[in-house]
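> Line order of the protein sequences matches chains F and L. The first sequence begins at 21 in our numbering and counts up one residue at a time. The second sequence begins at -5 in our numbering and counts up one residue at a time.
Warning: the hint list may mix true and false statements.
Pairs of lysine to aspartate or glutamate residues, derived as DMTMM-like cross-links and limited to a Cα-Cα distance of at most 25 Å, are as follows [as the list claims (entries may be wrong)]:
#, chain 1, residue 1, chain 2, residue 2
1, F, K200, F, E280
2, F, K126, L, E178
3, F, K40, F, D29
4, F, K299, F, D336
5, F, K299, F, D273
6, F, K377, F, E367
7, F, K126, L, E115
8, F, K40, L, D126
9, F, K346, F, D273
10, F, K130, L, D126
11, L, K35, F, E72
12, F, K346, F, D305
13, F, K365, F, D336
14, F, K40, F, E76
15, F, K130, L, E115
16, F, K40, F, D116
17, F, K299, F, E314
18, F, K40, F, D249
Please keep in mind that the hints were generated in silico from the structure rather than gathered at the bench. Only a predicted model underlies this, so the values are computations on that prediction, with no experimental measurement involved.
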Amino acid sequence: MSADRLSLDIVLARQTFSLKVREDVALEGVTAVFGPSGSGKTTLLRAIAGLEAQGEGRIGFGETVWQDSAAGVFVPAHQRAVAYVFQDARLFSHLDVQGNLDFAAKRARKAGRSPDMGAAIATFGIEGLLERRAVSLSGGESRRVALARAVLSCPDLMLLDEPLTGLDRAARRDILPFLKSLPEHSGCPVLYVSHDLEEVAALASGIVVMEAGRVLANGPVAEIGRSLDLGPLSEGAGPASLIEATVARIDADSGLMALEAGGETLLLPNVAGARQGDKLRLFIDARDVAIAVERPGPMSIRNVLPARVGRIVSSDTAADALVDLKIGSELIRAQITRHALSELKLETGQQVFALMKSVRLAGDFR
Amino acid sequence: MMPDLGPVLLSLHLAAVTTVILLVIGVPLAYWLATTQARLKPVVEAVTALPLVLPPTVIGFYLLILMNPSAPLGAAWVSLTGGTLSFSFAGLVFASAIYSLPFMVQPLQSAFEAVGRGPMEAAAALRASRLDAIWTVLLPQSARGILTACVLTFAHTIGEFGVVLMVGGNIPERTRVISIAIYEHVESVEYAEAHILSAGLLVFSFVTLVGVYALNRSYRLRVS
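Using the sequences plus the hints, can you model the full thing?
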């Protein structure tokens, strides 16, 4: 996998919205473009693909310049060696599935690439769909065909615009592994637009956080997750924490596995396929984290960790307060009532215990 | 008594040639209209639609003036072919192409707009150039619209009267098409011949329109 870079310096003004991005994005594996709806994620992706001709500025990919308005350079979309997977798949309705795949492979070969039809069909498990019309496919099926088609285009950069939108949880769980292995199968970095923090946590190694047409942060997911509360930016989610953990032990008898995170140990139900040494992303809703000033007595909650109180955010207008808890090198957010905050007399630097009622594996949509 | 088949064959010939010519002109024009954001677009649309609202005599009148051997177009034609454009088959084709233009362009434009930007962008993102995408995605996805446009153009060309009469007159084997022949039969009180041609045209037009509407159950035609 190549460690490519995107250098962006673009301005795109619309009547009700303006995109202004000046950022150098390291691309390795899956990089998420994350932010709430209307923050300009899709517009940014379209500009990179060459589908927004009104954009001004400069877009460089590695050594290649795709756009440089000052020099009058605008490489059209079809010459950019990107593949774009649209939210609505956009399969060609006049062709069957095989025809859709051939469309991409034929043009990739013309461009001197060598698409592997058999591998793509096997990877995305679409052997049984080849003769179906594109319009007869279910949501999940058409996403898989769209991904296979994009891989067969042999791009240098894969652009994905919310490919899980509109799918039910079961279908999302089915597609997620395909997305995870996409950099490997396509041999190129993936830029992935999402408004869902869990998807990002499950897939991405890097993240570009956007809000109102601007980039708020850009870097490795774990790092950005510590410095910025991404929860409120996620659709329908509240404050949350995202931490990276390593599988230390798997205990088949209890059905639990021990995970190492920030020097402490967490217990989680076993995950199929997980092995010792695997790195997993964990997702902890701030409402599922309670705080105790002394180590509590026997109780059902398994994950009780010593922590140090970090930043406390509370305002007179909200009933809830947000407390950062430092556990070793990791950070977990707890949402407690302002009432509890004053009764416990919590202060920054204080030693407490974090009680985590629910710790989920990111992207495990259950 | 069997009427002369000449006008029927001439009408079919004229309609076929006009349809082919208009298809070649109509596809790029309709594509431009369907995709452009130019300020000029409403003007071009209006010009394209003019034949729908103008009396055929107005179009015929201006075409006659245009085709006159002393006018630039008429003169160019004379020096090119030796014959005059008015009162010739070529003149009829020229006039029909103008008169039937909206019947080709409007269904095509609707079809291209119905396909929309989505599939074209998807094609571009799979390394297809604009022309490649038009040829392999837009036109196949617009197949019904193209067929509709051709059928309507063909049928409308067969049915035209006023422009043909003014530009072509009534010259057997050259400009006497079905509608003119019917007019002449009626004028000469040859009702039997007029009946045969009229009923034939009525049935032809009806069957054609049923075919067009059956083809386009999913979207409404703009021209009808």
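> Indicate, hint by hint, whether the structure satisfies it.
These are the hints, each one checked on the structure:
| no. | hint | verdict |
| --- | --- | --- |
| 1 | F/K200 to F/E280 | holds, 22 Å |
| 2 | F/K126 to L/E178 | violated, 59 Å |
| 3 | F/K40 to F/D29 | holds, 8 Å |
| 4 | F/K299 to F/D336 | violated, 40 Å |
| 5 | F/K299 to F/D273 | holds, 22 Å |
| 6 | F/K377 to F/E367 | holds, 23 Å |
| 7 | F/K126 to L/E115 | holds, 17 Å |
| 8 | F/K40 to L/D126 | violated, 33 Å |
| 9 | F/K346 to F/D273 | violated, 31 Å |
| 10 | F/K130 to L/D126 | holds, 13 Å |
| 11 | L/K35 to F/E72 | holds, 21 Å |
| 12 | F/K346 to F/D305 | holds, 16 Å |
| 13 | F/K365 to F/D336 | holds, 16 Å |
| 14 | F/K40 to F/E76 | holds, 10 Å |
| 15 | F/K130 to L/E115 | holds, 19 Å |
| 16 | F/K40 to F/D116 | violated, 40 Å |
| 17 | F/K299 to F/E314 | violated, 31 Å |
| 18 | F/K40 to F/D249 | holds, 22 Å |
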